[in-house]
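Q: With chain A's structure known, arrange chain B on it following the hints.
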Amino acid sequence: MSTTTTDLQDEIEKIDGHDSHDDHHHGPEPGLLRWVKTTNHKDIGTLYIWFAFSMLLIGGAFAMVIRAELFQPGLQLVEPQFFNQMTTLHGLIMVFGAIMPAFVGLANWQIPLMIGAKDMALPRMNNWSFWILPFAGTMLLSTLFMQGGGPAFGWTFYAPLSTTFAPESTDFFIFAVHMLGFSSIMGAINVIATILNMRAPDMKLMDMPLFVWTWLITAFLLIAAMPVLAGAVTMMLTDRNFGTSFFDASGGGDPVMFQHIFWFFGHPEVYIMILPAFGIVSQIIPTFARKPLFGYSSMVYATAAIALLSFVVWGHHMFLVGMPIAGQLYFMYATILISVPTGVKVFNWVTTMWRGSLSFETPMLWAVAFVILFTIGGLSGLMLGIAPADIQYHDTYFVVAHFHYVLVTGALFSIIAAVFYWLPMWCGRMYNEKLAVIHFWWAIISVNVLFFPQHFLGLAGMPRRIPDYSLQFADFNMISSIGGFAFGLSFIMLTYIIVDCIRNGKPVEGGRAWETARGLEWTQGEKAQYHSFDTPPSRATILAESSHISHEGQH
Amino acid sequence: MGKSVEELQSMTEEELLKHQRKGARLTALIVAILALGVFSLTLYMKSKS
Chain A
1 MSTTTTDLQD
11 EIEKIDGHDS
21 HDDHHHGPEP
31 GLLRWVKTTN
41 HKDIGTLYIW
51 FAFSMLLIGG
61 AFAMVIRAEL
71 FQPGLQLVEP
81 QFFNQMTTLH
91 GLIMVFGAIM
101 PAFVGLANWQ
111 IPLMIGAKDM
121 ALPRMNNWSF
131 WILPFAGTML
141 LSTLFMQGGG
151 PAFGWTFYAP
161 LSTTFAPEST
171 DFFIFAVHML
181 GFSSIMGAIN
191 VIATILNMRA
201 PDMKLMDMPL
211 FVWTWLITAF
221 LLIAAMPVLA
231 GAVTMMLTDR
241 NFGTSFFDAS
251 GGGDPVMFQH
261 IFWFFGHPEV
271 YIMILPAFGI
281 VSQIIPTFAR
291 KPLFGYSSMV
301 YATAAIALLS
311 FVVWGHHMFL
321 VGMPIAGQLY
331 FMYATILISV
341 PTGVKVFNWV
351 TTMWRGSLSF
361 ETPMLWAVAF
371 VILFTIGGLS
381 GLMLGIAPAD
391 IQYHDTYFVV
401 AHFHYVLVTG
411 ALFSIIAAVF
421 YWLPMWCGRM
431 YNEKLAVIHF
441 WWAIISVNVL
451 FFPQHFLGLA
461 GMPRRIPDYS
471 LQFADFNMIS
481 SIGGFAFGLS
491 FIMLTYIIVD
501 CIRNGKPVEG
511 GRAWETARGL
521 EWTQGEKAQY
531 HSFDTPPSRA
541 TILAESSHIS
551 HEGQH
Chain B
1 MGKSVEELQS
11 MTEEELLKHQ
21 RKGARLTALI
31 VAILALGVFS
41 LTLYMKSKS
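Going line by line, the protein sequences match chains A and B.
The numbering of the first sequence is our numbering, which starts it at 1 and goes up by one.
The numbering of the second sequence is our numbering, which starts it at 1 and goes up by one.
Quick caveat, the hints were computed from the structure, so don't treat them as lab data.
Wrong hints could be hidden among the right ones.
[To be verified] Chain A stretches covered by chain B per the calculated footprint, using a threshold of three residues with CB under 8 angstroms from any CB of chain B:
no. : segment
1   : 197-205
2   : 225-233
[Stated by the list, open to error] Subject to a maximum C-alpha distance of 25 angstroms in a straight line, what follows is the list of computed BS3-like cross-link-like pairs (lysine-lysine):
no. : chain 1 : residue 1 : chain 2 : residue 2
3   : A       : Lys-37    : B       : Lys-18
4   : A       : Lys-118   : B       : Lys-18
5   : B       : Lys-22    : A       : Lys-118
6   : B       : Lys-18    : A       : Lys-204
7   : B       : Lys-3     : A       : Lys-118
8   : A       : Lys-204   : B       : Lys-22
Each residue gets a CB set at the ideal place from its N, CA and C atoms; glycine is no exception.
The following block holds chain A by itself, in its conformation from the complex (with noise of 0.2 angstroms):
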């Protein structure tokens, strides 16, 4: 480097209180504080895919005590209260400390590498929404351990029972969902203004891969969700210490509006855990038929119409608290219009793969069982859209079914199928076929065996949220409970798989690991290096590399 390059990029340096010298020109700094004080975004990528992996292991591990609990009727291993916490932390726990933190880890590893970028456009401020996560995971798991033990009121945290009627320990939930939601909004901040300016000069946003269009969509659906969320614990917090009545009916308060604060923030919450997925299979599916995506720009407004309606829809958690019709009417076709943006969706991936030159790679099989199982999800969840139907539906097994198939089969199998995608990128080794295969197949049947008796139990009566169950439900629920300990066995072999790949895996040679695969992220050789586009791609290769143009005549 001249002298007159180290000049001005030390006046950068003053400028942006940056030190561009660590970021991009050194590599990787040794030993564990490399982890603590980095702003590489694959490294805090890492970071956060396996922060999100432990968690999910933990989460799953209360799953297995609410299964084991729910394979005879009666009481058998847990109080009832123990078995509420187990219930609230296993979904608070997945929805912020599993799905999301691994969306987010994915953005960080790819969303530079797909858009031309050096890195995240606020590699600092990157560093510290991870570093929030540990703590505020901590912390929530914490509770478990104090007096009156955790939070019992399932993780919608209905006022009064998170108020009044909760445990002490409801404080520290509160300031852990607060810390929670802080590191999600700074992480969308950071994704948007790194979308926004971080493209390489000739990228224009309709050149940009699904999976990074599906983010920025996702991170406006975080900045307009996720504050909505911190006022209403906010709010609890006051009610709980502060002598507020914000919920409190005998103090002039409302527990409805709670009601509808968290739904509003919770219905926008299911599309931010869905749409980074429909991103993810939409540069699957292209590279494994051999064809270009189908209809990319009526994917790009499908998303975004997705993500407007999502804001107008949260009545539909809410037929039963005593709804006019007219409410109930506008929720219940706001909700069933949301089928055509989706529609639009599992058409373009479908007439992808028609007459495309289909193989199933490991990661296919993941996108193609998304695409299937997701709709089944998406189709139970029109069952429960409508209101005079809901009314049976409510509060029963069959929406515990319903969001299970959305939010496992559909964000959780997306994100394997990412990781067995990019992985042999991120590490430049490829994982055990074979072994790959087989673990597919077992997580694949053992899912089935473990959510779809649900429906039947759901549309029988049960109910959700209960340690012990009437006689008839026995069957359904012993071998949802069998599917439950195999499905959860079924990620020591996804451990195996993935550790083995990295230590062991067969060293990727001449190129890239998918030989149709496109995308600017695969342009970095065999694998990827840990400072990427010194000079910003052209835009004849932002072309070469689209997934969504035609590149007939060039294999």
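A: Just chain B now, kept in the frame of chain A:
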């Protein structure tokens, strides 16, 4: 921010990074204010209801 693709392409690596980060900080500030606005609005609406 207001620069053509040709101008951006003619920049050195450091100049481009500096330019991008400047825009990113402004974007981040606007988005952060939006988030704060949503938070304040939630509290305000509830206190009025």
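Q: Now tell me if each hint is right for this structure.
A: Now for the hints, and whether the structure bears them out:
1. 197-205: holds (count 4)
2. 225-233: holds (count 6)
3. A:Lys-37 - B:Lys-18: Holds, at roughly 22 angstroms.
4. A:Lys-118 - B:Lys-18: Given pair Lys-118 (chain A), Lys-18 (chain B) holds - Cα atoms ~12 angstroms apart, limit 25 angstroms.
5. B:Lys-22 - A:Lys-118: Holds, at roughly 15 angstroms.
6. B:Lys-18 - A:Lys-204: Satisfied, since the Cα-Cα distance of roughly 20 angstroms is no more than 25 angstroms.
7. B:Lys-3 - A:Lys-118: Roughly 19 angstroms separates the two Cα atoms, so the pair holds.
8. A:Lys-204 - B:Lys-22: holds, 19 angstroms
The structure shown violates none of the earlier numbered hints.
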